Amino acid sequence: MSPTTPRATPGAGALEVQDLVVRYDTGSRQAVQAVDGVTLDVARGETLALLGPSGCGKSSLLRAVAGLEPVASGRVAWGGDDLDGVPVHRRGFGLMFQDGQLFPHRTVAGNVAYGLRSRGGSGGDGPAGGGRVSRAERDGRVAELLELVGLAGYGDRAVATLSGGERQRVALARALAPRPRLLLLDEPLSALDRGLRERLAADVRAVLHATGTTAVFVTHDQDEAFTVADRVAVMGGGRLLRVATPEALWREPGSREVASFLGYQAFWPADDGLLAVGPDGLRVVAPGARPTPDGVWPGTVAEVVFRGGTARATVDLDGPAGLQRVVAVDPAGAATLGADVRVTLDRDLCTVVPDPERAPGLPARAAADGRG
Amino acid sequence: MRSAPRVALWGVAVVVPLAFLGVFFAWPVATLVGKGFVVDGHVDLSGFADVFSAARTWRIVGLTLLQATLGTAVSVLLGVPGAYVLFRCRWRGRGLARAVVTVPFVLPTVVVGVAFRSLLVDGGPLGFLHLDGTFAAIVLALVFFNYTVVVRTVGGLWERLDPRAEQAARALGASPWRAFRTVTLPALGPAIASAASIVFLFCATAFGVVLVLGGIQYGTIETEIWIQTTQFLDLRTASVLSVVQLVVVSAVLVVAGRARSRRERALSLASDRPVDDRRLRLWHRAADGTRSPWGGDLVPALVTALVVVVLLLVPLVNLVVRSLRVDGAWSLASYRALGTVGDRGALSVTVWEAAGNSLRTASVAAAIAVVVGGLVALVVSRRPRRRLGRRAVGALDAVFMLPLGVSAVTVGFGFLVTLDRPLGIPIDLRTSGALVPIAQAVVAIPLVVRSVLPVLRAIDPRLREAASTLGAAPGRVLRTVDAPLAARSLGLAIGFAFAASLGEFGATSFLARPDAPTLPVAIFTLIGRPGAGNYGMALAASCVLAALTAAVMLLAEQLRGERQGGEL
Chain A
1 MSPTTPRATP GAGALEVQDL VVRYDTGSRQ AVQAVDGVTL DVARGETLAL LGPSGCGKSS
61 LLRAVAGLEP VASGRVAWGG DDLDGVPVHR RGFGLMFQDG QLFPHRTVAG NVAYGLRSRG
121 GSGGDGPAGG GRVSRAERDG RVAELLELVG LAGYGDRAVA TLSGGERQRV ALARALAPRP
181 RLLLLDEPLS ALDRGLRERL AADVRAVLHA TGTTAVFVTH DQDEAFTVAD RVAVMGGGRL
241 LRVATPEALW REPGSREVAS FLGYQAFWPA DDGLLAVGPD GLRVVAPGAR PTPDGVWPGT
301 VAEVVFRGGT ARATVDLDGP AGLQRVVAVD PAGAATLGAD VRVTLDRDLC TVVPDPERAP
361 GLPARAAADG RG
Chain B
1 MRSAPRVALW GVAVVVPLAF LGVFFAWPVA TLVGKGFVVD GHVDLSGFAD VFSAARTWRI
61 VGLTLLQATL GTAVSVLLGV PGAYVLFRCR WRGRGLARAV VTVPFVLPTV VVGVAFRSLL
121 VDGGPLGFLH LDGTFAAIVL ALVFFNYTVV VRTVGGLWER LDPRAEQAAR ALGASPWRAF
181 RTVTLPALGP AIASAASIVF LFCATAFGVV LVLGGIQYGT IETEIWIQTT QFLDLRTASV
241 LSVVQLVVVS AVLVVAGRAR SRRERALSLA SDRPVDDRRL RLWHRAADGT RSPWGGDLVP
301 ALVTALVVVV LLLVPLVNLV VRSLRVDGAW SLASYRALGT VGDRGALSVT VWEAAGNSLR
361 TASVAAAIAV VVGGLVALVV SRRPRRRLGR RAVGALDAVF MLPLGVSAVT VGFGFLVTLD
421 RPLGIPIDLR TSGALVPIAQ AVVAIPLVVR SVLPVLRAID PRLREAASTL GAAPGRVLRT
481 VDAPLAARSL GLAIGFAFAA SLGEFGATSF LARPDAPTLP VAIFTLIGRP GAGNYGMALA
541 ASCVLAALTA AVMLLAEQLR GERQGGEL
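Here the protein sequences come in this chain order: A and B. Counting from 1, position 219 in the first sequence corresponds to residue 219 in UniProt numbering; the numbering is continuous, with no gaps. Counting from 1, position 238 in the second sequence corresponds to residue 238 in UniProt numbering; the numbering is continuous, with no gaps.
Check before you lean on any hint, since a few could be wrong.
Have a look at the derived ranges for each label pair, beta carbon to beta carbon [as the list claims (entries may be wrong)]:
hint, chain 1, residue 1, chain 2, residue 2, range
1, B, R181, A, V32, 49 to 57 Å
2, B, V15, A, H209, 51 to 59 Å
3, A, A321, B, L185, 37 to 45 Å
4, B, T182, A, P104, 29 to 37 Å
5, A, R251, B, R390, 57 to 65 Å
6, A, V32, B, R90, 29 to 37 Å
7, A, R194, B, V255, 22 to 30 Å
8, B, A19, A, P104, 29 to 37 Å
9, A, R194, B, V15, 49 to 57 Å
10, A, G212, B, T182, 53 to 61 Å
11, B, R181, A, R199, 45 to 53 Å
12, A, P104, B, A165, 38 to 46 Å
13, A, P287, B, R178, 36 to 44 Å
14, B, R457, A, H209, 36 to 44 Å
Just some of the chain A residues that point at chain B, by a computed CB distance under 10 Å [stated by the list, open to error]:
hint, residue
15, V21
16, D25
17, E69
18, P70
19, P87
20, R91
21, F97
22, G100
23, G115
24, A175
25, L184
26, W297
27, L323
Since the hints were derived computationally from the structure, they do not count as laboratory data. Here the structure is a predicted model, which is why all the values come from computation and not from measurement. All C-beta atoms, glycine included, are put in the ideal place defined by N, C-alpha and C.
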């Protein structure tokens, strides 16, 4: 979680998406509405993460922006120019896939150079770059990018010899080589194991910043989204639920749906809505220690796991919403299996979201427009 | 519109094959069917009544089905163990064995007929079995041909099948046999079904082999069409039989199509490169150190060794040996005689001239087949976004697959009855000799499509999308993504098309002009003429044709590189 001020300001929008609808023709009579009226914009140089569970329409939105998916209604524009009818290869948008999709018959350098030759070859009508790239320029750019992604000297390798992480680095270099005006990343790190994913997420952020690339980064992993992005857009069921900086999003999820996706574990009635209890918002009270003034409830320990240096107890809690299973941090190691414990609330690690039952019609959509 | 030239190009890609197959496949076949139904301008089904009331017809139909069923059953029973030994196990000499197994499939049918005949004939090495001219001999020859199809189709899936499912079953306590029966065999099911339906098709439409081996006693619908046309000049009966043949073939094709689509789904479950194959272990070593043949690879290995040596190698070696024996002594006389027209002028040209004709027509036929078949594969491999487009491609797929079941005889016969005035133009194509390569191309096109299409379909569409987002226009995507990835299969397709055209006999036998026979036609003529000299020449010419075909296929396999197995 790096606190970053939102850089998107009205007027500086580079990518504008308005009321976008994407439908999938499933062959049967019903079409599936994958993206259901999304409005969004991304400023130049900004990285926006599209976060959501699988099947929420985030990849469809990305593919529609790239021009790979037909738009049923709505508008995609860049710098005010409507992109309707502009084919994929003339948009100047790079795309990086989950599994890289490197060309198996080309070397690493051949892959990275693909877009460079292309731009030159297409008669300079490409939106970025322009003009023919000379061989020396091309080789220089390939070397520069391989250096940037930490694969200097890999140019002559066959792509089949690369590891999963190396492939994704090459895919990133390939997508960046033609200096796309917008880089779209479709779950680029999801196929990698956890440690590598965390390392690469930081690298991707560094590379995007170093190159000043405007990017939209699709992921279902909130840590990844928070690491890479300046702003995070949460999607669910084809709709945009909330757009905010990582910090603001965490502080004010805006709706119960977004909060539970972010990991808020319980929702308890409060004066001004629902109290969303954060993943670390509950704590087992050690014997002799004092609970916080925010409340204390009795419970029985059902399980204890030790992870990341802290014990966490799964507790069947007799809380404000009745008997409920929750997870409480246990810094003192007080909980043992089957023991009766007291659990207290840490209000600083909780937030309040509107209660849809008390204020019907208000929450999700109104809160979705939570930019700046 | 920006995409106008693109639409035009795709239009050409669709129209060229459609027009070609329309003129040279649909029209002749439709005319043929019409001849069975229509007499003097009105519908008359008495032809059907006449043909179906003849006991001979039912005998022929029964023989065709029986022979196809037996040929398929034996091929599958022998082929599945072969697929295991040749594609799943690792042992020294496997590459050579695979090559030996591939040879029969590309051998011209006439050569196979001659090879089996020379083996089984009285006085031949296996003459004491008295199989010459029997039904068993025909079935054996059919198995000889189609063993490869089963081995390669099933083996292609087997070598890529994830072994962990079987390992999981073993870890759950299943014996090797039970794990095979309950896990591996069901996974192979679609490939086996696909292979069986293709083999059935090949057996049911077998022509050259049956004509050479069956004599007058045994035949298929195919040979009967030929006999009715060329011997009895009864075009009406031949037309009716062609309709029957089309019905049989279409029914098999429907089954084959279902099996194929299931197999393509099954293939998607397998990894895209061969998994680590295991060493061939003949004996099963129990925990107490005792060795037992059950559970080891001994049984499939023995079956495969027997098939490869007895069924595949013996006829081929015998053919070569017999071609080198004249009057009980080693001699090259039969080969020297290839420069002559045979005893008592059996042929109108020398065998070498016939070989030249074959090479020339096969080159033209392969070129046509690769262009047309390549376009078909390209168009059918597309996955348009709109439903209308998808439907159109689906329809084209079905239309283009029709010639897959074309029997060569139907094509040849169809040309004969239609192309005297093609499209009303008064040029009798039949005397020009131009029809031979065209007919051969029609027969070879399905082979090209089936070699190239799976490769094009296997290209992840996102690979093309990646190229597009890097700024590549559709033409460049085609050139830099599809073309290089499909190039190897195209090499193989050229080889297949060339080899198939070189050995093509069914259609060519109708169309080749008497003064310009191809090599298979010359061989068939030679074995039909009396005289030991002519027979020796037929054997020598068969060896030459086999060598030519094998050389072409060897070259094609080189182009194919390390990719093994797969669909034939």
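Okay, the hints, checked on the actual structure:
{"no.": "1", "hint": "R181/B with V32/A: 49 to 57 Å", "in the structure": "violated, 40 Å"}
{"no.": "2", "hint": "V15/B with H209/A: 51 to 59 Å", "in the structure": "holds, 52 Å"}
{"no.": "3", "hint": "A321/A with L185/B: 37 to 45 Å", "in the structure": "violated, 54 Å"}
{"no.": "4", "hint": "T182/B with P104/A: 29 to 37 Å", "in the structure": "holds, 35 Å"}
{"no.": "5", "hint": "R251/A with R390/B: 57 to 65 Å", "in the structure": "violated, 47 Å"}
{"no.": "6", "hint": "V32/A with R90/B: 29 to 37 Å", "in the structure": "violated, 47 Å"}
{"no.": "7", "hint": "R194/A with V255/B: 22 to 30 Å", "in the structure": "violated, 48 Å"}
{"no.": "8", "hint": "A19/B with P104/A: 29 to 37 Å", "in the structure": "holds, 35 Å"}
{"no.": "9", "hint": "R194/A with V15/B: 49 to 57 Å", "in the structure": "holds, 54 Å"}
{"no.": "10", "hint": "G212/A with T182/B: 53 to 61 Å", "in the structure": "holds, 59 Å"}
{"no.": "11", "hint": "R181/B with R199/A: 45 to 53 Å", "in the structure": "holds, 47 Å"}
{"no.": "12", "hint": "P104/A with A165/B: 38 to 46 Å", "in the structure": "violated, 26 Å"}
{"no.": "13", "hint": "P287/A with R178/B: 36 to 44 Å", "in the structure": "violated, 58 Å"}
{"no.": "14", "hint": "R457/B with H209/A: 36 to 44 Å", "in the structure": "holds, 41 Å"}
{"no.": "15", "hint": "V21", "in the structure": "violated, 16 Å"}
{"no.": "16", "hint": "D25", "in the structure": "holds, 5 Å"}
{"no.": "17", "hint": "E69", "in the structure": "holds, 8 Å"}
{"no.": "18", "hint": "P70", "in the structure": "holds, 6 Å"}
{"no.": "19", "hint": "P87", "in the structure": "holds, 7 Å"}
{"no.": "20", "hint": "R91", "in the structure": "holds, 8 Å"}
{"no.": "21", "hint": "F97", "in the structure": "holds, 5 Å"}
{"no.": "22", "hint": "G100", "in the structure": "holds, 8 Å"}
{"no.": "23", "hint": "G115", "in the structure": "holds, 3 Å"}
{"no.": "24", "hint": "A175", "in the structure": "holds, 7 Å"}
{"no.": "25", "hint": "L184", "in the structure": "holds, 8 Å"}
{"no.": "26", "hint": "W297", "in the structure": "violated, 46 Å"}
{"no.": "27", "hint": "L323", "in the structure": "violated, 40 Å"}
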